[in-house]
Structures are given as C-alpha cells and as structure tokens.
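Undergrad: Whole structure, please, built from the sequences with the hints as guidance.
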Amino acid sequence: MKLSTNWINEHCGSKFTSSELVNQLTMSGVECEIIKQKNNKIIKFDITPNRADCFSVRGIVNELIAMGLIKQRKRVSQSAKVEHDSILKTKIITPKDCPVFATRIIKNINSSARTPKDIKDKLKESGYKSINIIVDLTNYVMLTLGQPLHAYDLKYINSPMVVRKAKKKESIALLDGSIKILNENYLMIADQNNLLGIAGIMGGLNSSITDKTKNIAIESAYFNPETIMGCPRELNLHSEASLRFERGVDPTIQVEAIEMFTLLLNKIAGGENGPINTQIAQKHTPKNKTINLRKNKIKNILGITIPNAKIVSILKNLKMNVKENDFGYQGWSVIAPSYRFDINDECDLIEEIARIYGYDNITESIENEPSTFINESNRLKNKKDLYNIMNALGYSEVINYSFVSPVMNDLNQSKIGHSMDLQNPLSIEMSVMRNSLLPGLINNLMHNLKRQHKNIRLLEIGKVFTGTKNKIIESEKISALIYGLRNQEQWGYSSNSVDYYDMKGHLDILFESLNIYKSITYKKTKHKMLHPGKSAQIVFNNKIIGHIGCLNPEIVLDLNLKNEPIVFEIDYSILNNRIAHNFKELNYFPSSRRDISILLPLDIEINTIIRSINSLNINELSDVLVFDIYEGKSIQSKKKSISLGLIFQSKSRTLTDEQIDEFMTNINQHIQSNFEITIRK
Amino acid sequence: MSDSLSDLSLKSIQEVSDSSNLKELELVRVKYLGKNGLITKELKLLGKLTPSERPLVGKRINLIKEEVQKLIDARKIELTDINIQEEISTSSIDISLNGRKNSRGNIHPISSILYEIESIFLNSGFRVEDGPEIEDEYHNFTALNITENHPARAMHDTFYFNSNYLLRTHTSPIQIRSMESHGVPIKVIAPGKVYRRDSDITHTPMFHQIEGLVIDKNINFTHLKSMLHRFINTFYNKDMKLRFRPSYFPFTEPSAEVDILSKDGSWLEILGCGMVHPKVLENLKIDPEVYTGYAFGMGVERLAMLRHEIKDIRLFYENDLNFLNQFK
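Order-wise, the sequence lines are chains A and B.
With my numbering applied, the first sequence covers 1 to 681.
With my numbering applied, the second sequence covers 682 to 1009.
Honestly, the hints are just simulated from the structure, not real lab data.
Quick caveat, the model's predicted, so the values are computed rather than measured.
We put the CB at the ideal spot given by N, CA and C, even for glycine.
Incorrect hints may have been included.
[Unchecked claim] Selected chain A positions facing chain B (in silico; Cβ < 7 Å):
id : residue
1  : 50
2  : 184
3  : 230
TA: This is the structure we're talking about:
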C-alpha cells in the first residue's frame, strides 16, 4: 500500500514530514519507507499479516494516535439523503461466510462527471489508475476507511442478489478478463441467472461499471476472513479487496463506507439514493472478548515494571475499552476495538503495550547462566579438522542446491528406496532431492573448467536423500573431486596429472587424523559413476562408509574431459569414530632396514602380501613400505615387480644382523609358500 | 743426521703453510706423518741407532712430529674458514623467485560464518541441534502457530513432496523437535539449510538460517535484548548500535526485528526475534505460566553479504572458484 504524506496529514489535521512519519511508524511496527523519486511525499507500507487494520489512511492515523502523537478526534457520522425506496433484494445463503452485507441503489448518476483532481492525485500517488468516477470513488473510500466496495451496473442484475458458495465446475469471467473455474470453496455473489463476482476477491465482467452506467448497486460487506483466506492464492488472483478481506475488515463500518461513497458521489455526479439494505447475522459477526490482563504477567514477559497509568493510557490510545479489576491480582479487563482481529489473548495485549511503550525503552539484562557446562567441542572440532586437512590439501568447499535433475540422480547407483520428487519444483533441473553429492561436484568442475581453471579440487559437505516405504532417509556426506595436475604449474616441479592414489593418500591423511587408518580397508567395487577397474568401496569395521574412484570413462567421454577426475564420497558420521591418540613410549633403539623385490602376478593386490607379512606377528617388524613398483619391459608379462622396505626395530635391544637375517628368512619362506611369487635377488 | 732432521722439519713446516687447500694439506700430512711418512720413517729408523743416541734423537723426532701436527691442525682451521668465506661470497640465489607451493583451498563463506556463529553461541552455553531438511507440516507450521491458511503455507512459497512432507522453510522446526526430545529448560541453536520457492538477485531457493531458543523460568524480553546485543557485538567485534523494532512472527509475541546502524548511517535489518508465543509452548505441553522463553533467527547469507559487500546472493551457489578463492 502506498499513501501520500499529504493525505495522512489531511486526515488527522497534522503537519508531519514524510521522514517523521516513517521513523515513528517504523518504531511502532508498521514497516514503511519513503519512495525516493516523488519528492519524498509518498510512503510505501509493508503491512505484516496480523495488522489488517493498517490498510487505510484511517488505520495509519489510528497508529499515530496510539503512539500519542496526535489526539483522538470525535467522528461525525453523516448520512446521505434518501430519495427513493428501491432496494436491492438480497439473500445470504451462508451467513457464516458473510455476516454483514449492505447494499444501496443509486439512480440517475451523471456518467460524464469527472473525478476531481484532488481525488485523482491521491489515487495516482497510491498507484491507482483513474477509471471512472464510480470506480475511483470505491477505491478512494477503500483507501480512506479500509472497506472495499463493489459497484454493479444495476441494469445487469436480475434480483434478488444471492450470496452463496460456488457449485463445482461453475465458471466466471472476471473484471481483469480472466476466466476462473470454481469449486465449493469459493463464496460467490450471484443473481437469478448469473454469477456476478467472487466475494471479496473480484467482480464479474458482465455487471461491471462502464462509462455509460447511470444506475448502480453499491455493495459493502464484511466477509469472514477464513472464507476468503487461501482463495486468492489458489486462484493466483490477489486484489486490493482480497488483501483486506483475507485479513479482516472492520465489521462495523459497512454502512459508514456506503454513506461516505454516496455523499462523495452525490456531490460530484449527483444521483438519487435509495435506502441502505443491511443484512447482519449477529450470531456470526466477530465480537472482541474481554481479556484479563495481569500486571505481573506484563513484568514476567517484558522484565520491566511499567507504571499503571502508562499502561492504561497506552491501551486507551489504542481505543481499547479498559476496566480496572481485582480478581486476586492487580490488572485490567480489556476489550479491543472491532478492527483488531489480532488481539485475542493476554500476550497480544502485552505486545501492544511493549511496542507502544517502545522496545528501545526496555532495558537489557543478563539471564542466569545455566548451571551445567556444555561440551560440544566435538561437533566443531570435527568440522575444523576436516576443513584444515582438506583445505591444506587444496580443496575448496562448495555448496550446491539439494535438488537436482532426475538425470543427475540416475547417474548414481540405484539404492534401496526411491527418489524424493518435489511436487512443485522451480524447474526440472531442480526437481528431485539429490542422492549423491558427486553430480553436483561434476557440475562445479565443468563450470570452473569453462572459467579456465585447470587444477580443481572441490569439497562438499551435505545431505543426500532417499525415500523408503515408511520413512525418509537423510544422510550427511563428505564428497570431494580432484582434477588436473598434482602440483600447480611452477618452476622446479614436474607436472603429472593426479590419479587414484593422490586422492587415496588424502583420505589416508583424514583417517590418520581420526586415528582409524588401520581399521580402514578398500574393496574393489562396481559403482555406476566410477571406473570399474579403478574404484573401491571404503570399509570401516565391516561397514561400507563410502566409495573412491576415477570417474567412469563413459562419463568422462560424454563430458569431453581431457583428464580423469577422481572422486570420493564418504559418510560424515565417520568423523564421530575418532579414537584418542594414546601415547606410546618412545623407542630409542636403532632401527634397521632390509629391502626385497618380489615378482608377482598383476592380479595380486600388494596389500595382501603386506597383510600376510604382518600376520607373522613379528613384534620387531615396525613398518613395511612400498618404495617401487614396476610393470612392463624386462619383466615377464602379466607380472609386476614390487620393492618393499622392511623396517625392524626392537623395544628392548639393538638388533643384530643375525637376528634380522632370521626374520627375513621367515618372511621370505612365508610369502613364497603362500603366493605364486618369486623373490628377486 | 741432526742436519737432515732439521731440514725435514723446516721443509714440512714450509709445505704445511704453502698448502692452499684442504686436499693439499692432507697430502702434506700423509707425506710427513702418514704410515709411511717421512717423519714416521725417521721414528722407525730409531732402532738402528745406539742405545745412547736413541732417547735424544727419539725425543727430537717426537717434538718435530707434534710441532708439525699442531701446524697442520691450525692450517686446517684456517683453510676451512677460507673455504666457508669463499662459499658465502660466491654463491647466492634469486630470492625474488616464487616459492614452490600448492595453493590451499578454502571454506565456503557461508560455512565459515555459520562456524563462527556456532562458536559464539557455544561459548554462551547453547547446545547445537540438527534436524531433518524434509519436514512434516506439523513441525514446520502447525506446532509453530502458523495456521492452515497462513500465506507461508502456500504452494507458492513452500516446496512440497506431498500433502504432509515439505522442505523446511525455516530452522524453527529443529527447535520444536529439540523441545520434544529434551524438554525444558532448554538453550539451543539450530543452524541449517532452508528452502523457499523463490529465485532472484536477493533470493535463492535454498539458503541458510541459524535460530536460537532459550526457555526457562523467568526468562523475559530484557534477556533477549541483552543476549542479541552481546552476540552482535561479538560477531562484529565492536560495540554496535542496535534498534529493536516491533514486527510479526506467528511463533513469537512480542516480536521484533533487529537493525544495526551501518557505516552510512542507515539501519540494516539483520535478525528477527521475540518472546516464544504461549501457544507454541502449549503445543509442546509446556505451561506458559511457569516457563517463558525467547527465540531469534537470522539469515546467514544476509550476514555474509553484509560482511563481504556482496550484492548478488546467487554467487554463493554458483561455486565459481574465482569467487570462492576470495575468502582465504
């Protein structure tokens, strides 16, 4: 809603500047700002959904009164002269939906009368186009009082007028030219033959006012907000009327609004007025109940003591009916004015007192600290360690949307459960919840390659989603992608491309920091996204915690990538398996190293040899490292040569050559009898 | 005999001092003092002398030997020093050349602000709670006093899976869930992703919020004001001027927006807050006559945009390294 400062001042007889108004109203909770380009004389209001009463000049002025900036003025009610006795017969079928319905017939209007400049200007400043005198005045009254009016060309009404629910599949052509198909939820204004409009939302095209209209019926109603609520959204049809009816208009001003309209119309365009036909269903008109307001509850919520006199004056300025009471506590019985739909309970009154008293006048104080300490360092420590390691290894964190295209979800291995599909996605590209973070990382890779980045390392932490028959599974993952050169291009470094083992090494560092490195094993696996020969499941304590591998060559080809990206995705929960690093006594005895080279078939995993050596449980064997691998020329085909460095160290003595020779003999015999291998001298 | 010994002595002394490097010096040492060195040889010849001559000559040779050894040691120190000086004076590198490195990656600016806010509240005794991103209507709306027809429930604003399940539109349901599981008193913050059906320069369909909730006996608005003021001062690392301005949220009453005074003198909205609505407490079977509480919530993107002076929110989700690498 937009209103000119001038209009507000005129209504309350004051001379506020725009910035005075904006500052004061903002601090009372009416969000507003000056529209800069129009000489700072127009204010745009952004009314919160609870404050239906603020959608008019009168409503805004009521706020100024509540803040004590201006005095209340007595309203003088004026009535237009009644010149004939035609009334529009009306039948309210569902009075619960329409508790107040007032109409008046006005005949012989001078249809060529023009809207006066003053009214035209005000409407223009509020963003309304001038249409004709009748429509302009309905808008003018609505903006002044907050009561939407609707004018019908009498010629097209076949009375009586009926207020009823729509029938299923009924349809109507509306003022804005659209045609809506209806259902039983909608309240309609109709006559004997036709639908005339959707109550509280928009009038129909057939009975609309034209430049030639001479006789009209003007309607001023109070519709139950609950009847209207939701309908504009369903129809995608938000009008100035629906905005107000949905939130609630003052149920006591229907007649006043018709009178104001009539007086203005008569003055500008003449017309002969009939009596106002008002139908009120008392049973269904909203009544503001008496609320008990306890002084100690005010203190309990706000934490400060406000003097009684101040409380009473705030409530009275809000036009509340206030009576002191004493039901065993000090307090008041309060009835809110008819237009305050948002005031139903004690807490609503306390908020009113607080906002008018001024939040800035409420002091600050520190609550009692909790009696227990909270140690939550693990949560942040896990994050921090993960970031430290991955950032140091060159990975930058990305955050992708949780929804992806169905095609991206299909890239991932099908798992138990189904994908979670949005009913109302923004687009097909964002229509299903991701079941893996990897497609997102691949997207990021493609984006950054286009931006001419060459060496790309990405990390994402986030949830993936699947649905099963009876529940939705959300699990948090850590995923990463690596692409390009091992070392960024610079002098003094050769530039090889990264491969599977670079990324595996990065995972090793992560698992070492958690002290679970020794409990992690890798098993060859088939994963739709990964290269069948260059990928593995990551297993921790017999549980698969994720995958690592080179991207499937078919995808690499599809994406037209020069190099092979390598990725991993592991469960975030692995971070909770951190084992404390226990101190081991330092060993000061010297270690000795013996190297052996083994010729073995290509399909034997090196790790099985090392595990076999370790299974001998030689306490003095402190480490086994692989320092060379060779396949190809000068080696038998389908074989590879590996060189192992075996480090021996005792905790209690310096080992002699003879002792180490004995260990080596054992080891050599053991692996030669267990594997088809040759030990090269 | 004695003459030849003096010659040998003079010659060796001369050669030691003539040696111009450690290698030459070592050759001189071997020549005179080695196993078959000239001086060593003289000692071996002692046996051929008469018993009366032997002690005298022997003593003399040993004196010469000691003397030469001393000179060699001294010359060695001299030559080593000369070597180092020469090494120092002749070798130098281009110190301007770039160091060898591989660049560090960085944390996403949103994560880093979330981390920072979590740490601040952890220090103030808050627990951190997570919750599901796919929520049900009850936890996302009903329990929070958001009525059936509230505009927030519209298909326009909320992503739905079916009539019951949706993507949470705020992190408030986490608070409901944590009250369900922990009861009161409670002091939690709930960070996370939230979703709204909106996309333009200031809205992305997914963004991050962090919300806080404190419920206990005797909690009131003055505590809310103080907690948020101390939080904002800590976050900005200086005393900030704030204003609390009345607003509306279905789940708090009184409700407020908090603005900070920016450098250019304008007020910037940074968070929403209020006293927990008694209906929310009642929904959770908590007696509002005994317990009161406050809640607050802020948009993480907004804080990040203000801090880094970013105008377009969509940059956070493009994941362009040229953008991400600016937040080292």
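Undergrad: Looking at the structure, which of the earlier hints fail to hold?
TA: 2
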